[in-house]
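**Q** Each chain, letter by letter, is given below.
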Amino acid sequence: MWRTARFRANVAPMRDKVYPDFDAAVADIPDGASIMLAGFAGPGTARNLIAALHRQGAKGLTLISNTPGRWQDDRIDCGVLVKDGRVAKIHAAFTASPHPSVPSPFTDLYEAGKIEAELMPQGTLAERIRAAGAGIAAFYTPTGVGTEIADGKETRVFNGREYVLETALPADYAFVRARRADRIGNLQYHRTQRNFGPVMARAAKTTIVEVDEPVVEEGSIDPDHVHTPGLFVDRIVVVPPDGIQEEPPER
Amino acid sequence: MTEHPHPNPLPAGEGARQPLDRQTMANRLAMEFLDGWVVNLGIGIPTLCSNFVHPDRHVVFQSENGLVNYGPLAERGEEDPNLVNAGGQYVVEMAGMAILDHADSFALIRAGYVDVTVLGAYEVAANGDFANWKVAGAKGGGIGGAMDLAVGAKNVFLALEHTTRDGKPRLVERCALPVTAVGVVKLVATNLGLFEVTEQGFLLTEIAPGYTPDDVQAVTGAQLNVSPDLREFRRR
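Here the protein sequences line up with chains A and B, keeping their order.
The first sequence: position 14 = 14 (the numbering used here), numbered continuously.
The second sequence: position 6 = 1006 (the numbering used here), numbered continuously.
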């Protein structure tokens, strides 16, 4: 175990960010909030926080998410918020199902004009979120040049290559899932659970994390092994044994 | 990418014409991977490239969700619920595997650390443009990582059926669908042959058994140039 005990005696205890349950952690989220949802094809999706927000009832939400919800199975993700009309707008890398024979709840609403969406390349989505958490207002990317994605956007040539200007994409909240946290929010992710977690945790005003394992004391995670420092994390909830686990779907 | 039933673009005469199956198409593109290449595979036919093992070349598989050096598909029961590839398939760890966050993963992709990406497509044009994110008449689309891969990878290979289910050519003079990237495609494998994209347009270099260049031209929406070294589609 990593300990820095000699510096502990003279400082006030650090704020404990652990919340008792998911409902308490999302209770103050108002109608119209913008929320980043981490996760890629399952891993990293804060399914328990999404379920709690669904129970809480906030509506008119703006979501920032790789996809507008899964369709392969009935596991909880942002599709449940979309389906029940809680979402006004979504920023995503998909506005159509990759499997057209199995449409997502989003598809019908979008085609009917009942929900707004901004579609962008996945790397542009990730970098816009990164920029928001890095103090960068905008950046030039080669991705999308010569396509519909660049329509109406400023372009500029650097060293003979054309780039398109994209702006930072911040949010009020981020929902992230990690493997473990200490009491002050230092996080470790497991394998591809990491995906959007680190950039979203930095880009949101309030970052709420659900973790697979019981919270450990600060000092238990070696500082060299922290993936997301606790100063980017505001609230932590431990997924209980009867909570929603990340599991392979029935095949 | 949508997966269509395997179409046979031309009637099989005397049983001689044999369109290529998907694994054969994927294998042919995988033969082009050089030792040490970083390889990114799209969903569908491209994923099958990972089944081709070159006897004396090692390649590094990279996945847009932050994986470098991942292994084959996991057997049922041995899945790690938090270890998937870009298609959401469970894969196994390999010695030397590394994990990046999403922004770093796409930094790697845009900055040219990927040697080749193999993608599916609805259309590819003689000028190297291709379209794979939006179908005709749809309001929504699915870009995913394709636009970043298409501009960032050093080589863009495509694997697609030669025609649509309705028999319309997918190899065309200019894309009618919204493009994914401009002028990036180098090599195309279809169920009828292998095509290089050159300054002069498509160059047919290898052809499916029993087909003539005229047969292939008849179901192609662009002028085909035929290599003087045209040969039957290589299987190894």
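Mixed in with the good hints, there may be bad ones.
To be verified - Straight-line Cα separation of at most 20 Å, DMTMM-like style, residue types lysine to aspartate or glutamate; simulated pairs:
#  : chain 1 : residue 1 : chain 2 : residue 2
1  : B       : Lys-1154  : B       : Asp-1021
2  : B       : Lys-1168  : B       : Asp-1021
3  : B       : Lys-1168  : B       : Asp-1215
4  : B       : Lys-1154  : A       : Asp-23
5  : A       : Lys-83    : A       : Glu-111
6  : A       : Lys-83    : A       : Glu-118
7  : B       : Lys-1139  : A       : Asp-172
8  : A       : Lys-59    : A       : Asp-172
9  : B       : Lys-1139  : A       : Asp-151
10 : B       : Lys-1154  : B       : Glu-1199
11 : B       : Lys-1139  : A       : Glu-118
12 : A       : Lys-205   : A       : Asp-84
13 : A       : Lys-83    : A       : Asp-108
14 : A       : Lys-59    : A       : Asp-16
15 : B       : Lys-1139  : A       : Asp-16
16 : B       : Lys-1139  : A       : Asp-23
17 : A       : Lys-153   : A       : Glu-111
18 : B       : Lys-1186  : B       : Glu-1199
19 : A       : Lys-83    : A       : Glu-116
20 : A       : Lys-59    : A       : Asp-31
21 : B       : Lys-1139  : A       : Glu-162
Stated by the list, open to error - One-sided excerpt, in silico: chain B residues whose CB lies under 7 Å from chain A:
#  : residue
22 : Ala-1103
23 : Arg-1174
24 : Leu-1177
If you are wondering where the hints come from, they were derived from the structure by calculation, not from laboratory data.
Where is the CB? At the ideal position from N, CA and C, for every residue including glycine.
**Q** Taking the earlier hints as the rules, which of them does this structure contradict?
**A** Of the numbered hints, 1, 4, 7, 12, 14, 15, 16, 17, 21, 23, 24 do not hold.
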